[in-house]
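> As a plain string of letters, each chain reads:
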Amino acid sequence: MARIGVYICHCGLNIAGVIDVEEVAEYAKSLPDVAIARHYAYTCSEPGQRIIQEDIKTEKLDRVVVAACSPLMHEETFRKTVAEAGLNPYLLEMVNLREHVSWVHFGKPEEATEKAKDLIRMGVARAKLLEPLQRKKVSVEKSVLVVGGGIAGIQASLDLANAGLDVILVEKSPSIGGKMAMLDKTFPTLDCSACILTPKMTEAARHPKIKLLTYAEVENVSGHVGNYEVTILKKARYVDEDKCRGCGVCATKCPVNVPDEFNMGLGTRKAIYIQFPQAVPLGYTIDEENCLYFSKGVCRICEKVCGFKAINFEQKPQRIKVKVGGIVIAIGAEIFDASKIPEFAFGKSKNIITNLQFERLTSASGPTGGEIVCPQTNKRARSIAFIQCVGSRDKRFNEYCCRIGCANTLKQAILAREKLGKDSDIYVCYIDIRAFGRGYEELYRRARSMNINFVAGIPSEIYVEPDGTLSFNVFDKNIDKLLEIRSDLVVLVNGLTLSYDAEKVSAVFHVPKGLDGFLLEAHPKLRPLESVVPGIFLAGICQGPKDIPEAVSHASGAAAKVIDLLSRVEIELEPLKAFVDKEFCSGCGLCMPVCPYTAIEMKIEKMNGSERHRAEIIEEMCQGCGVCAIACPSGAIKVHHYTNEQILAQVHAACLK
Amino acid sequence: MSMSKPDLILREKVLAKTRRGVADCFQCMKCTSGCTALKLLELKPHEIMRLIEWGFLDELVTSDIIWTCATCLKCTERCPQKASPYHAIMALRNIAVEKEVKVPEAYLKAVSQILESGLAETIQKIVTRDAEAFDRESLKLPKIANPKGGFQVAFMKILEER
Chain D
1 MARIGVYICH CGLNIAGVID VEEVAEYAKS LPDVAIARHY AYTCSEPGQR
51 IIQEDIKTEK LDRVVVAACS PLMHEETFRK TVAEAGLNPY LLEMVNLREH
101 VSWVHFGKPE EATEKAKDLI RMGVARAKLL EPLQRKKVSV EKSVLVVGGG
151 IAGIQASLDL ANAGLDVILV EKSPSIGGKM AMLDKTFPTL DCSACILTPK
201 MTEAARHPKI KLLTYAEVEN VSGHVGNYEV TILKKARYVD EDKCRGCGVC
251 ATKCPVNVPD EFNMGLGTRK AIYIQFPQAV PLGYTIDEEN CLYFSKGVCR
301 ICEKVCGFKA INFEQKPQRI KVKVGGIVIA IGAEIFDASK IPEFAFGKSK
351 NIITNLQFER LTSASGPTGG EIVCPQTNKR ARSIAFIQCV GSRDKRFNEY
401 CCRIGCANTL KQAILAREKL GKDSDIYVCY IDIRAFGRGY EELYRRARSM
451 NINFVAGIPS EIYVEPDGTL SFNVFDKNID KLLEIRSDLV VLVNGLTLSY
501 DAEKVSAVFH VPKGLDGFLL EAHPKLRPLE SVVPGIFLAG ICQGPKDIPE
551 AVSHASGAAA KVIDLLSRVE IELEPLKAFV DKEFCSGCGL CMPVCPYTAI
601 EMKIEKMNGS ERHRAEIIEE MCQGCGVCAI ACPSGAIKVH HYTNEQILAQ
651 VHAACLK
Chain Z
1001 MSMSKPDLIL REKVLAKTRR GVADCFQCMK CTSGCTALKL LELKPHEIMR
1051 LIEWGFLDEL VTSDIIWTCA TCLKCTERCP QKASPYHAIM ALRNIAVEKE
1101 VKVPEAYLKA VSQILESGLA ETIQKIVTRD AEAFDRESLK LPKIANPKGG
1151 FQVAFMKILE ER
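Those protein sequences? They're chains D and Z, same order as listed. Quick note: the first sequence uses the working numbering, first residue 1, plus one each step. Quick note: the second sequence uses the working numbering, first residue 1001, plus one each step.
Hints in this document: simulated from the structure, not taken from any laboratory. One should not assume that every hint holds.
Computed list of lysine-lysine pairs in DSBU-like fashion (alpha-carbon distance at most 30 angstroms, straight line) [unchecked claim]:
1. K477(D) <-> K1005(Z)
2. K1039(Z) <-> K477(D)
3. K211(D) <-> K561(D)
4. K1082(Z) <-> K477(D)
5. K1109(Z) <-> K1099(Z)
6. K137(D) <-> K321(D)
7. K235(D) <-> K321(D)
8. K108(D) <-> K1013(Z)
9. K395(D) <-> K1017(Z)
10. K348(D) <-> K1082(Z)
11. K513(D) <-> K1082(Z)
12. K211(D) <-> K348(D)
13. K481(D) <-> K1039(Z)
14. K1082(Z) <-> K546(D)
The whole structure should be built from the sequences, with the hints applied where relevant.
Written out as structure tokens, the structure reads:
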């Protein structure tokens, strides 16, 4: 015989505005094993919690049912409430009368009240069968893995290292710096991007607590919060990082020219290269795919001319295993592929470029030394048209707004005016100008004062005439006229989209993506820095479009969360995990391969002189998904707090009408 | 400036017929920028979308402008909100006909031509730039059977079923 206390929350009018809470409380009282049933305006408040705690003592309750909001909101709150009153926190059952009843059935109060009664009856039936559980304590590794060496990854690494934690910063490219290293100036201040980024890059490389692994990728992750085991694949650059001084003689002699990815295809690089002059680490890398030695077995000129004997064609990729307590994912994002919109003719003319290609054109370290020239003719551009929202705000591609397109174009238009002088025509074709950030509105006013033509409309298509000129018609809704515009250069302002590595990272770290393709945070408003996996945090634009100040704040915030996590001596693990009932386990091993977290081991036990195989759950790695319990043919595996008996009791109670 | 009141009842009718998100239109101007009928006939699809959303329909439904759409479907292909002015204009045309508004002559001619012969155009002689005249027979093209009897019967049957 149990003594259950049932607490029905009004949640202000959220629940009480639809459900007759008094009627439901009366009903709850009538259920078997219910010692007391109350209804209250805000159960999660201090007085509300105190009522439960006092009842536990005076009514000698051994189970508590709170019928209120979603457990995602306050299960933790009420677990603490009952624990403080001396009851095991896992003898609490929550019934969701808000998200599951009042919020979805707000037009049907009578039916909603009946459903509330049904759900409470089910909750009480389950509560009876709940078992007390203990949280296991585990120690933590005082080290962090940061995946991605862009501004967010670098910022997070510096914050973590300065707090005394060991950081392993993994970057897939030969150099850190990310997309910010590709920018010329940054909005709204028009500071030089490399000038503000490179000091941080060097600091990260020199920091005694940061181990930089570039040209490397994470292959595998296992373990759990506080104790992750990570396998990192360090690709072979065929150049000894300790010996290379970055002098560049090898590149001057290399005979192979390939399109330069850093310059977005606008220039070329050699097969032995550094991405940009300020690369960190300043070491060359041989691109295996294009190097003549690897493809044809000839050349090796670089090796001959290297004064530091740094070239090593025998270098092998390395697999490095590390143990870390927390992980920060900062893999960044990509820009939309404009060739998906055929009417904008991307690829049909070299003078139709992306916003990132424009950055490389205006950049002093770019392929044209900062001159805005037409890639087709190499002549100075006399007119530029920016087309906003390419691939963004578009149900056919990405429905979201890319957030940075407007400010970035304002910056580029201002730079274009400054470089090309008064006699050039600059057009910005927009749907809206979104100048929301600090300093953005001022940037917009500055652009307007520079004779930049803001066209309130987007063209339907861009024509590439036989002689190569670009033209388009665009209807400006503010003046109610169709404008026919000819332009030397057309810049397609492509929106941000998920990183090429998002799929892989999502799978390796078990971190899901949202519907928009960016990595999913634990809660969009209150927990934007954490992924849904405990111990794995998100930093930067991999969690959604941001400008640089936002990415830096986000990264520092993620670092703070990790510092909080690892500042403890021990952390507690949720006990909602699978366990093996040894009596029923026949050692068939069907459970092992189905576990997505590799949390099951087959152990050999000696009994009465014979050997028996038995499955054992590695508690620290089990995430309680329950797949093993379903796979087990003898029902030997059960999940704490979600046993068959508990769930079936709910089903049975649901059917009792 | 003309004064008019929104007709919300007619608006519901139009929205039900379009089966597209007229409210989704955020006035990007892509449709009007590429509209085949803009330059010569002054059709502004973006304006029609807004007028429908407001309910200023009396003028629209009785106007000539809704008959200027060339049904090229560029706007449908390219609209980033899948709002498709083409579908909205077709809905307006259907309502105009229901209200027995005067439909442009040329349109009615094309419709009766189709009813008559099943063809959008009558079979014609052609004259080249060198003033040579040809017809199907002289070009050795196969004869087109007169579908009058069969087509008309079949077409009327479908109309009845609808």
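> If a hint holds in the structure, say so; if it does not, say that too.
Results of checking the hints against the structure:
Among the hinted pairs, K477(D) with K1005(Z) is consistent with the structure: their alpha-carbon atoms are about 23 angstroms apart, no more than 30 angstroms. Taken as a hint, the K1039(Z) and K477(D) pair is honoured in the structure, with Cα atoms around 15 angstroms apart against an allowance of 30 angstroms. Among the hinted pairs, K211(D) with K561(D) is consistent with the structure: their alpha-carbon atoms are about 20 angstroms apart, no more than 30 angstroms. Among the hinted pairs, K1082(Z) with K477(D) is consistent with the structure: their alpha-carbon atoms are about 20 angstroms apart, no more than 30 angstroms.
A threshold of 30 angstroms between alpha carbons decides the hint, and for K1109(Z) with K1099(Z) the separation of about 19 angstroms falls inside it, so the pair holds. A threshold of 30 angstroms between alpha carbons decides the hint, and for K137(D) with K321(D) the separation of about 24 angstroms falls inside it, so the pair holds. A distance of roughly 14 angstroms separates the Cα atoms of K235(D) and K321(D); the hinted pair therefore holds under the 30 angstroms criterion. This hinted pair checks out: K108(D) and K1013(Z) have alpha carbons roughly 29 angstroms apart, not beyond 30 angstroms.
Proposed proximity of K395(D) and K1017(Z) is supported: the alpha carbons are some 22 angstroms apart, at most 30 angstroms. With a C-alpha separation of about 26 angstroms, the suggested pairing of K348(D) with K1082(Z) holds against the 30 angstroms cut-off. At most 30 angstroms may separate the alpha-carbon atoms for a hinted pair to count; K513(D) and K1082(Z) meet this at roughly 25 angstroms. A hinted pair counts as satisfied when its Cα atoms are at most 30 angstroms apart, and K211(D) with K348(D) does not qualify at roughly 44 angstroms.
Our distance criterion of 30 angstroms between C-alpha atoms is met by K481(D) and K1039(Z), whose separation comes to about 10 angstroms. Using a Cα cut-off of 30 angstroms, the hinted pair K1082(Z) and K546(D) holds, with the two alpha carbons roughly 27 angstroms apart.
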